[in-house]
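**Student:** Listed below are the residues making up each chain.
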Amino acid sequence: MATNPEQRLKDLGLSLPEPMQTANLPFELIRVHGDHVYLSGHVPLAADGGLAKPLGKVGGALSLEQGQQAARLVALGLLATIRQAVGSLDRVAGWLKLFGMVNAAPGFNNLPAVINGASELILDVFGETIGQHTRSAVGMAELPFDVPVEIEAELLLNK
Amino acid sequence: MATNPEQRLKDLGLSLPEPMQTANLPFELIRVHGDHVYLSGHVPLAADGGLAKPLGKVGGALSLEQGQQAARLVALGLLATIRQAVGSLDRVAGWLKLFGMVNAAPGFNNLPAVINGASELILDVFGETIGQHTRSAVGMAELPFDVPVEIEAELLLNK
Amino acid sequence: MATNPEQRLKDLGLSLPEPMQTANLPFELIRVHGDHVYLSGHVPLAADGGLAKPLGKVGGALSLEQGQQAARLVALGLLATIRQAVGSLDRVAGWLKLFGMVNAAPGFNNLPAVINGASELILDVFGETIGQHTRSAVGMAELPFDVPVEIEAELLLNK
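Protein chains in written order, with my numbering: chain Z, 1 to 159; chain B, 160 to 318; chain S, 319 to 477.
No lab work stands behind these hints, which were simulated from the structure alone. All clues stand as given, with none of them false.
Subject to a maximum C-alpha distance of 35 Å in a straight line, what follows is the list of computed DSBU-like cross-link-like pairs (lysine-lysine):
1. K169(B) with K212(B)
2. K159(Z) with K318(B)
3. K477(S) with K159(Z)
Output of the computed footprint for chain Z on chain B, the stretches with three or more beta carbons under 8 Å from beta carbons of chain Z:
4. 254–263
5. 266–276
6. 295–303
Built from N, CA and C at the ideal position, the CB exists for glycine as well.
Taking the hints into account, I'd like the entire structure generated from these sequences.
**Tutor:** Right, here's the structure in full:
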């Protein structure tokens with residue numbers, strides 16, 4: 001298997017969505033300080049960069065499997081933002097952390113299984129050494145626009 | 160327009176509250192490590208450093224506009240803590256991230272609009288270059304003392 | 319009183335649980351980058367590294383005091399992970415932040431008092447200079463497996 005993330009992404013048959021647009025918003029999706037990268041909370045994106053459907057709470061309107069798929073889409077959106085900002089996923093030296101937030105229906109607490117959809121994609125694309133990360137997987141009362149999953153991340157670039 | 164934040168603050172007619180008191184609490188509001196600043200979750204403060212009113216959930220007891228005003232007060236409190244710890248807002252080199260938490264009434268999910276109250280104030284005071292930040296804007300089940308908004312932040316100082 | 323954390327821990331009569339097992343999970347509990355340590359969200363552990371009981375929401379199935387005890391167990395689990403990864407608690411140079419998440423029953427908002435169970439333990443073991451930290455103490459809609467408290471942390475090692 002290829003060892004560079006851009007090639008792995010191709011080998012896995014994955015493509016990235018258009019990055020989310022924030023032109024008129026009072027924040028940005030990514031900030032690079034030295035080798036340290038901060039990523040805003042990202043939501044699931046469709047291929048065109050709009051919100052992916054379905055919306056709603058995991059364990060309610062959405063099944064666990066739909067929540068996992070949403071988490072996977074969030075991860076692909078994080079990669080789209082990273083590639084746009086730094087040119088190539090191959091510049092990533094290591095993932096530090098994910099803060100994984102699930103729009104949880106009352107009583108639904110299998111939150112780690114939902115966020116695994118993102119963690120496993122990152123490990124698939126970046127491999128164990130670069131892709132390993134700390135994380136939390138927790139249940140929020142509400143998320144913006146009723147998205148099922150939102151994930152914030154920090155990572156490192158090669159110098 | 161002035162380019163230094165302390166002058167901008169004056170030009171905008173803004174004044175900062177007394178910093179929150181944590182003398183008997185088992186944590187601190189700010190920690191500076193090298194050029195990196197960590198800020199505890201801050202709540203909306205009145206001018207005397209006490210909790211601002213009204214309390215309650217945004218989208219329930221509080222309107223969106225009241226939530227935005229609360230977020231703006233949180234941002235002013237963050238600035239008060241920063242100034243007290245490092246002497247002047249002019250020492251800030253860049254904002255890295257805001258983690259914006261809204262005490263959300265069930266079904267209220269326009270969380271980004273609430274946290275914009277803080278983001279816009281920071282951009283007004285620090286300008287685009289220094290004030291730009293990543294962020295999340297999410298809905299919590301409960302916040303301390305039923306405050307409507309709590310925000311955590313990380314930023315950088317000039318060396 | 320002893321000034322090194324390992325000796326203080328003994329003097330306080332405290333012992334650490336077995337670290338949580340993550341062998342088959344797609345994330346890790348700790349990541350060390352230079353002198354900076356990132357810790358995943360930790361949950362309350364029994365002595366054998368399994369989930370501590372009782373489970374449930376603080377202010378509902380669990381009292382405030384049970385929530386505080388859960389937060390204390392989370393802190394001991396964080397210490398277990400740190401010791402296993404870096405060899406000794408005496409290598410810790412400073413705590414930067416705790417993100418304290420309470421599984422809050424509707425209407426329960428004395429969240430700071432719950433997380434004090436962790437903050438006070440850290441101050442007891444590490445002392446004021448090293449143990450002081452920023453933090454947030456907030457109420458989540460759901461936490462994994464219905465644990466009452468989950469805490470994420472960042473800290474620094476001696477170089």
